[in-house]
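> Here the structure of chain S is known, so what remains is to put chain X in place on it, guided by the hints.
Protein chains in written order, with my numbering: chain S, -15 to 489; chain X, 61 to 393.
Among the clues, some could well be false.
[Unchecked claim] In silico BS3-like cross-links for lysine-lysine, where the CA-CA straight-line distance does not exceed 30 angstroms:
| no. | chain 1 | residue 1 | chain 2 | residue 2 |
| --- | --- | --- | --- | --- |
| 1 | X | Lys255 | S | Lys368 |
| 2 | S | Lys325 | X | Lys255 |
| 3 | X | Lys255 | X | Lys188 |
| 4 | S | Lys114 | S | Lys95 |
| 5 | S | Lys164 | S | Lys114 |
| 6 | S | Lys325 | X | Lys188 |
| 7 | S | Lys164 | S | Lys64 |
| 8 | X | Lys330 | X | Lys188 |
| 9 | X | Lys330 | S | Lys325 |
| 10 | X | Lys330 | X | Lys255 |
| 11 | S | Lys114 | S | Lys104 |
| 12 | X | Lys330 | X | Lys353 |
Simulated from the structure, these hints should not be mistaken for lab results.
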Amino acid sequence: MTDQTPALRLEGIVKTFPGVRALDGVSFTVMPGEVHALMGENGAGKSTLMKVLGGIYDPDEGQIFIAEQPAVMTSPIEAKAKGVVFIHQELSLADELSVAENIFLGELPRKSLGRVDWGKLYADTDAILKTLNVGFNAKTRVGDLSIANQQMVEIARALTVDPRAVIFDEPTASLTDAEKVVLFEVISDLQSRGVGVIYISHRMEEIFKITDRISVLRDGQYRGTLNTAETNEEEVTQLMIGRKLDLSRNEATHEMGEVALEVRNLSCGDLFHDVSFTVRRGEVLGFYGLVGAGRTEIAETLFGLRDPSAGQILLDGEEVRITSPQDAIRRGISLVPEDRKGQGLILGMNCRDNMTLPQVDDMTAGPFVSDGAEVAIFDQYRDKLDIRTPGWRQLVGNLSGGNQQKIVIGKWLSMHPEVLIVDEPTRGIDVGSKSEIHNLIRDLASQGYAVIVISSEMPEVLHVSDRIVAMFSGRVMREFTAEEVTEDSLIQAISGLTGSGAQVA
Amino acid sequence: MNSETRGNLIKQGAIWAFIVVELLFFSIAGEYLSVSDKAFMDFDNMLLLLKQSAPIGIIALGMTIIMINGNIDLSVGATFALSAIVLLDSMTWPFMAGLGDWAIPLAWGLALLTGVVLGAINGLIVWKTGVDAFIVTLGSMLGYRGLVFMYNGEQPTSHLNWTLVDFAEAQFLGLHTATWFLLVAALLLWLLMTKTIHGRNAYAIGNNREAAVNAGIRVGPHFLWNFMLIGFLASLSAVVFYSESGSVNPNDGMLYELWAITAVVLGGTKLTGGYGSIVSTLGGVIAIQLLRKGLGHIGADTETVNLVIGLILIAVLFLDRQLNRKGKEELKI
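Here chain S stands alone, though its shape is the one from the complex:
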């Protein structure tokens, strides 16, 4: 590999924004036929670097080389023409158009008078699809495809040019295990054609499975490149955050109280079936499973956003019907939703108003909202949760992910709930703030809250939970205590390979 020409080389890239040095002399090299992981915390500069590479940002200093030829990227179109193609995490496809039209979008083959050459379009598309070994054809409507197949369309789009480098940005975020296998095959196929692959992901197991080398960014600076075969997760993490991360197993440090919430044989249409569990005060109950296993839907049902089709919900031993979020909140159930920005926060509002949103009804002086009472609540929970913001007037959209999450959590704590449900507590939050949120969750349990944590990250579930419910395809497969759980048994349970009596439909 050493005497080859690099497919792509970045040399001393610097990019500054007002007040921030987002990239500080980053250099890195991708060889043809190599899968090169790019890792770093959120805010480390990965996406800025990719935007420089894709022609969305102009670098202040530094140079991009493609096959050792200096290249200036001024737009994504130009980047693609030069053989640098991106497969983004968020797919950008036109649902109503066919696979072929999507693949050649903007470059449809033409006949005279501006007519589309449909014959050539479909033939070219089928030729590309054949190399990808997919189960759909050129005329399929993209909206009818699964997410994984839509991603294949994106990849097919990349192959319309002869790419030198393909950048995958968190490609497995919404894929099932089987779909991942297909994706990895495609990547190894690209590799064998001599394409350089940049693979951006937070998922260590994937990184160690498919990449050859790992480059790490921290605070906009290049921190080194490791050979995947010669390193381990611990070393990479340390490089990413500059210190060791505590992800040891949780040990119960306090007494558990009474059962706060009990769910019996709860079902909701096709989303989940026959789910039963209990949560005690002072306990963290973890829900682990793949995306689509029905975990979020259970949380939404408990919060009154969905009506269950069968089963019972008991609060403090009494059966309740939860008809709406207001109802849930009144009964002491709170939900910190999965999509913090989309479902949890009013981004255009300030920190204080976001925090007091559910209880502002009770904070009036005459006909008007009482400013003083609101500020008092905000100050109390800012101190309690250590929320770092210049002041309550700051728009919540300007805070970091970790501080935003604390605002959402503070919003509910100020309502003094009985049961706190936290869906994906650290999604999109950088590694450093993650442990803060984890400690906070443990802390809340020790103060006597009953906490349910839903997570797709195994280390997180193992770290914070007293007990873990493993779900697969809408069913509870098994319940583990923190003492008995092992990574293997957990993976088996959520893949539907095992179950304590429960049969997979």
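Relative to chain S, chain X alone:
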């Protein structure tokens, strides 16, 4: 002052700066081009301008709230006309004649009730069906206008009550009755939007409806209240205007919804909801009226006036977009 609040002040101040520029421009241009020899910035002229701003202004205040809430109401022009008919026609009803001047508050009440009911119909449909407010009120715009024509065909509905005319033409502390209605409505709605729970929740819903639901806010009732409010304001606008004029044509109030939206948008309220201010809308209303009067003052005809207002609206929004764009990240189209 931190940069956030300073940025907000600049945004909210922009419309007033624009008004100052208009005043200067028309005063100077008027010196050379004016067809009359009165100065543009004549005090009486300015008072009249405020009075003339009132009908669309009062509606625009309601439209601001509807738009902050994340909706739109296209039916206000028709509501305006129908309320006007109820106002004038009810005073001719036989039993009303026996009430003497007490017929006036009753007629007002009936007209205002009409607006509230029409608004409530919009609000209930938006709430209960979940159909987009644009579509719902597009439908009710046609429907309510149909009711206007059913009432009296193509004929105007007229009734002059001199007590009413005297009231409408009165001036208190120099300001006309209509101006007082505009300013008091603006003050009350400003308090509603900035100081009350309803206002806070309206912003929250407009900014992120899903997060508002997740915070336990009942979105539907807020929608309903706001549609009733704008219905009330559309009929209030009719009450103020027709108390003086005493005659309503079935086509009256047409395009008022678009003029109101123009004023609201010029004032900086976002079409997508969650951001905007009552005070800035007042600025938007005055700016448009100034343009109309000012262009008339320097001799432009109505067609030219509309063309210029259209161009300025687009130019202002383009400028706003340029100033608020976040780097190069936005898609180029």
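> It remains to establish, for every hint, whether it holds in the given structure.
Cross-check of the supplied hints:
Restraint check for Lys255 (chain X) and Lys368 (chain S): satisfied, since their Cα atoms lie roughly 27 angstroms apart, inside the 30 angstroms limit. Annotation: proposed proximity of Lys325 (chain S) to Lys255 (chain X) holds, straight-line Cα distance about 25 angstroms (limit 30 angstroms). Of the pairs offered as hints, the one joining Lys255 (chain X) and Lys188 (chain X) holds, with about 28 angstroms between alpha carbons and a cut-off of 30 angstroms not exceeded. A C-alpha spacing of about 25 angstroms is found between Lys114 (chain S) and Lys95 (chain S), which places the hinted pair at or below 30 angstroms, so the restraint holds.
With a C-alpha separation of about 19 angstroms, the suggested pair Lys164 (chain S) and Lys114 (chain S) falls inside the 30 angstroms cut-off, and the hint holds. Taken as a hint, the Lys325 (chain S) and Lys188 (chain X) pair is honoured in the structure, with Cα atoms around 27 angstroms apart against an allowance of 30 angstroms. For the hint pairing Lys164 (chain S) with Lys64 (chain S), the CA-to-CA distance comes to about 25 angstroms; that is within 30 angstroms, so the pair holds. The straight-line distance between the Cα atoms of Lys330 (chain X) and Lys188 (chain X) is roughly 25 angstroms, inside the 30 angstroms bound, and the hint therefore holds.
Taking the CA atoms of Lys330 (chain X) and Lys325 (chain S), the gap is near 19 angstroms; set against the 30 angstroms cutoff, the hint holds. The hinted pair formed by Lys330 (chain X) and Lys255 (chain X) meets the criterion: a straight-line CA distance of about 20 angstroms does not exceed 30 angstroms. Of the supplied pair hints, the one linking Lys114 (chain S) and Lys104 (chain S) holds, its CA atoms being roughly 15 angstroms apart against a limit of 30 angstroms. Proximity of Lys330 (chain X) to Lys353 (chain X) is assessed by CA-CA distance (about 27 angstroms); at most 30 angstroms being required, the pair is judged to hold.
In summary, this structure violates none of the numbered hints.
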